[in-house]
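Asks: Chain order of the listed sequences is B and A.
Position 223 of the first sequence, counting from 1, maps to 223 under the UniProt record's numbering, and the rest follow consecutively.
Position 258 of the second sequence, counting from 1, maps to 258 under the UniProt record's numbering, and the rest follow consecutively.
The hints are simulated quantities; they were obtained by calculation from the structure and are not laboratory data.
Heads up, a few of these hints could be off.
Each computed PhoX-like pair below joins lysine-lysine, with the alpha-carbon atoms no more than 25 Å apart [unchecked claim]:
#1 B:LYS156 with B:LYS416
#2 B:LYS35 with B:LYS3
#3 B:LYS123 with B:LYS156
#4 B:LYS77 with A:LYS108
#5 B:LYS394 with B:LYS361
#6 A:LYS108 with B:LYS35
#7 B:LYS3 with B:LYS77
#8 B:LYS199 with B:LYS298
#9 B:LYS448 with B:LYS305
#10 A:LYS108 with B:LYS3
#11 A:LYS210 with B:LYS131
#12 B:LYS35 with B:LYS83
If you want the footprint, here are the derived chain B segments under chain A, 3+ residues with CB under 8 Å [what the hints assert, rightly or not]:
#13 165 to 172
#14 388 to 396
Every residue, glycine too, gets a C-beta built ideally from N, C-alpha and C.
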Amino acid sequence: MNKPLRRIAIFCGLLVLTLLLRDNWLQYVKADSLKDDPNNRRVTIARYATPRGDIIVDGNPITGSTETSKTGLNDLKYKRTYKNGPMWAPVTGYASQAFGATQLESIEDGILTGNDDRLFFRKTLDMITGKEQQGGNVVTTLNGAAQKAAYDGLKKQGGKGAVVALEPSTGKILALASYPSYDPSSFAGNTNDDAAAWKKLQKKYNPDDPMLNRALRETYPPGSTFKVVTAAAALEYGKYTSADQRTESPLPWTMPGTTTQLKNEGNIPCENATMREALRVSCNTVFGKIGSDLGNDKMLAEAEKFGFGSEQFVPVRSSASVFSDDMNPSQTALSSIGQYNTAATPLQMAMVASAVANDGKLMKPYMVDSLESSNVDTVATTEPEELSRPLSSKNAQILQDMMETVVDKGTGTRAKIDGVTVGGKTGTAQHGVENSKNPYAWFISYAKLSDGSSPVAVAVVIEDESANRDDISGGGLAAPIAKNVMEAVIDSKK
Amino acid sequence: MSSTTNSPTHHTSTIGAIGAPSRRNTELALLVFAVVIPVFAYANVGLALDGQVPSGLLSYGLGLGLLAGVAHLAVRKFAPYADPLLLPLATLLNGLGLVCIWRLDQSKLLQSLPNFVTAAPRQLLYTALGIALFVVVLIFLKDHRVLQRYTYISMFCALVLLILPLVPGLGANIYGAKIWIRIPGLGSLQPGEFAKIVLAVFFAGYLMVKRDALALASRRFMGLYLPRGRDLGPILVVWAISILILVFETDLGTSLLFFGMFVIMLYVATERTSWIVFGLLMSAAGAVGVASFEPHIQTRVQAWLDPMREYQLSRSGANDGILHSEQAMQALWAFGSGGTLGTGWGQGHSDLIRFAANSDFILATFGEELGLAGVMAILLIYGLIVERGVRTALAARDPFGKLLAIGLSGAFALQVFVVAGGVMGLIPLTGMTMPFLAYGGSSVLANWALIGILIRISDTARRPAPTPAGNPDAEMTQVVRPS
């Protein structure tokens, strides 16, 4: 009987071996994916086990943590709080016990909870000294005054919209506002009240979709503000070499391959207008023809240099802006004046203004300046990084000159600031089937100080379905908000 | 196995343990470790949970030490040549299980569940009873061959035990599986755990008598020895009983365990590989057949194939008439979150498994808090127990002892595989518990009795004196085997 006994012994050994292999698979190979599975309650427990680190603007925290009442079964010790939540929501995202975390709160979760490997030394020290683990802080690049100006402007306006302000020389995000917004404090816990507040904010129950981060995640047809990109392409590809050279622009102009005439808004002097004049009064015919003359490929190449077609990670992801790559000349003409399929995020249009203001250099936008440990040691710093060079310095100056004319005596006069040079471009983008919906009002601009440096570039978009169509124009609705944001930045530098 | 010799005085080969030292002092030294390690673990849990050594440390340590000491003295007195590893290994597992159960008793989440009881004191009581049973087995079972007399009584007992959970008023359906009986005032009992031992006795007695008929009267077909139709009877009966267990008690584990044990013992008794092939085919056919109409089994299989979906169904409160459970996924998360070294005693969140965290799913707590290292150690301890059992079977001088020892160790190995494999998502979950670790009186009592019987067989096998008055009927007939 011993031969089968030995075989059974081997069989039992194989059973144990199988279990050992399975255990290695679970606890070694799959361990991290199981451990970090967002459905795994432990992730949430760890996130709220200690007071979360803070998100900091201008040296002051815009977030906080409060101990939740330890009644019954609540296994989460701390709850997130937000100061001026609706204003900062597009920057912070949210961290909710019940509904998880997004955006900055999620991306920098490791630092904020203190679990990040970069805090290893601190964590070990806390462990040895028996101190509670403490989260690190995320120091942002934002400017509190500019953010307030942006949010208040949008709120006063009352329509849906977004504002993005950048520092052209570095790419630092100074303001990132979206309206309507939400207060992430309202659903930070896991009580029934939190669940009710959350439900009310969902798109299903709230058509305004307040939780959409319009500054980064919504793309709008950029309308006439895109003419800045078209003008840049004309200069870069040598179609025209100065702002005051007469363009070959017949009026009326029939788009190539069609019998459709491209219309201008009103009766404006666009026939063979110079690019300066065409930008000042926003001629569709001039820039539409430049686009179709240059062709789809060159326009696309220039748009991509400005950042179109790629998502930005600031580190929160922004949607990619669109300039199509398979258009015929008439579609290219329409796209070159920011219509047809062209669509841009507010961040994208702020990048356009910022690249022009920064003498043609586009800096990578970012909003996390540095990460600190709980005792304010810096563990990581974001260095400004050049993303691309859409314009030569000389062409950038020509384009600045043109944009400054727009504000000085064109459609953007309402953005003028005393003692500061402002360059800008208005836009009124049509959308909807047969342009049935209310247009979007755009304004992109930058400010230039007397020493030639440019502290801020800004993009404002307002979508207002309740406003009268004629009332909406970039110059009227969006430019004053841009002006306030720029002033706030300039004042805070003084 | 190195000392295998063919002794001319016995018909079966044995391990020549004649003159071997008794190894009782080795056992005592190992037992010290088996007591000290859980005591440290207990202190560790207390320090992690409340920052202080638990107040019950001394009494717990003394209690476990005392129980182990009594067991050791009983072995020293009544089975001096027994295998020295079995008792320390079982004590270590039992002690660690107690610590883990106490640790889960401290969980606020588990305390809030409707059926919560402080399980650790009860488990300590069960352990005491289990060791008492172990001592009783050693005292009253002077020779395991006595059990041979009770072959058919065992069969009857086993059937009664298996049917008990189906008796109306007595049986209890706990989360779908009907393998418990409820005794008023005493709590619930899992008769299947005891049936395991009693069935092994029956199979060993029956096969010892019938093995030659089963082995030799066969036709050769395609390289396999096919048994005669009428010899197929027993395996068909056991198979049918397993299927009935599966259908009426909806417990895949118990069913698999009994059938697997029978196939193993049949193979050892007859040395015919064809039985294994038949066994595998029949169990596959049975399992698939029953699974095709039994919703409880189907749910278990689905939870095994896609635990995440089951988790979400359970979370969303899917109302499709089936009880969805998130336990399978929660157990996997517990294992994954433990990683290589674990979180340390008391610092995991395996209480998220909720119901049965300290019984069926107790291995997940070890996985989370002791990590891969701890679980591998525990699996290896189980492996060692099985190995000692198989060794006992090899060393046993009588076929009944061999069959009984291999049946018990095989069943033990299958049970560990079915439970651990189920909790780790290797196979569908079943309603059985990890021997010694898990909370549950039946399991602790039955497994201590099982260890007691193995120790008795190993003592007989290693005893230097010639075996007392063998068993004549078993070995009278010389069989000429084709080999």
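Asks: Now tell me if each hint is right for this structure.
Replies: A quick look at each hint next to the structure:
Distance hint between B:LYS156 and B:LYS416 is fulfilled; the C-alpha atoms sit about 20 Å from each other, no more than 25 Å. Using a Cα cut-off of 25 Å, the hinted pair B:LYS35 and B:LYS3 is violated, with the two alpha carbons roughly 45 Å apart. With a C-alpha separation of about 46 Å, the suggested pairing of B:LYS123 with B:LYS156 is violated against the 25 Å cut-off. The hinted pair formed by B:LYS77 and A:LYS108 meets the criterion: a straight-line CA distance of about 14 Å does not exceed 25 Å.
Under the criterion of a C-alpha separation no larger than 25 Å, the hint pairing B:LYS394 with B:LYS361 is consistent with the structure, at around 12 Å. For the given pair, A:LYS108 sits about 22 Å from B:LYS35 by alpha-carbon distance, which is consistent with the 25 Å threshold. Proximity of B:LYS3 to B:LYS77 is assessed by CA-CA distance (about 61 Å); at most 25 Å being required, the pair is judged violated. A C-alpha spacing of about 47 Å is found between B:LYS199 and B:LYS298, which places the hinted pair above 25 Å, so the restraint is violated.
Straight-line distance between C-alpha atoms of B:LYS448 and B:LYS305 comes to about 23 Å, which keeps the hinted pair within the 25 Å bound. Proximity of A:LYS108 to B:LYS3 is assessed by CA-CA distance (about 53 Å); at most 25 Å being required, the pair is judged violated. Of the pairs offered as hints, the one joining A:LYS210 and B:LYS131 is violated, with about 70 Å between alpha carbons and a cut-off of 25 Å exceeded. For a cut-off of 25 Å, the pair hint linking B:LYS35 to B:LYS83 is broken: about 32 Å separates their Cα positions.
With 0 residues carrying a beta carbon less than 8 Å from a beta carbon of chain A, the segment 165 to 172 of chain B misses the three-residue requirement, and the given coverage is violated. Only when three residues or more bring their CB closer than 8 Å to a CB of chain A does the claim for the segment 388 to 396 of chain B stand; here the count is 0, and the claim is violated.
In the structure shown, a violation is registered for the earlier hints numbered 2, 3, 7, 8, 10, 11, 12, 13, 14, in ascending order.
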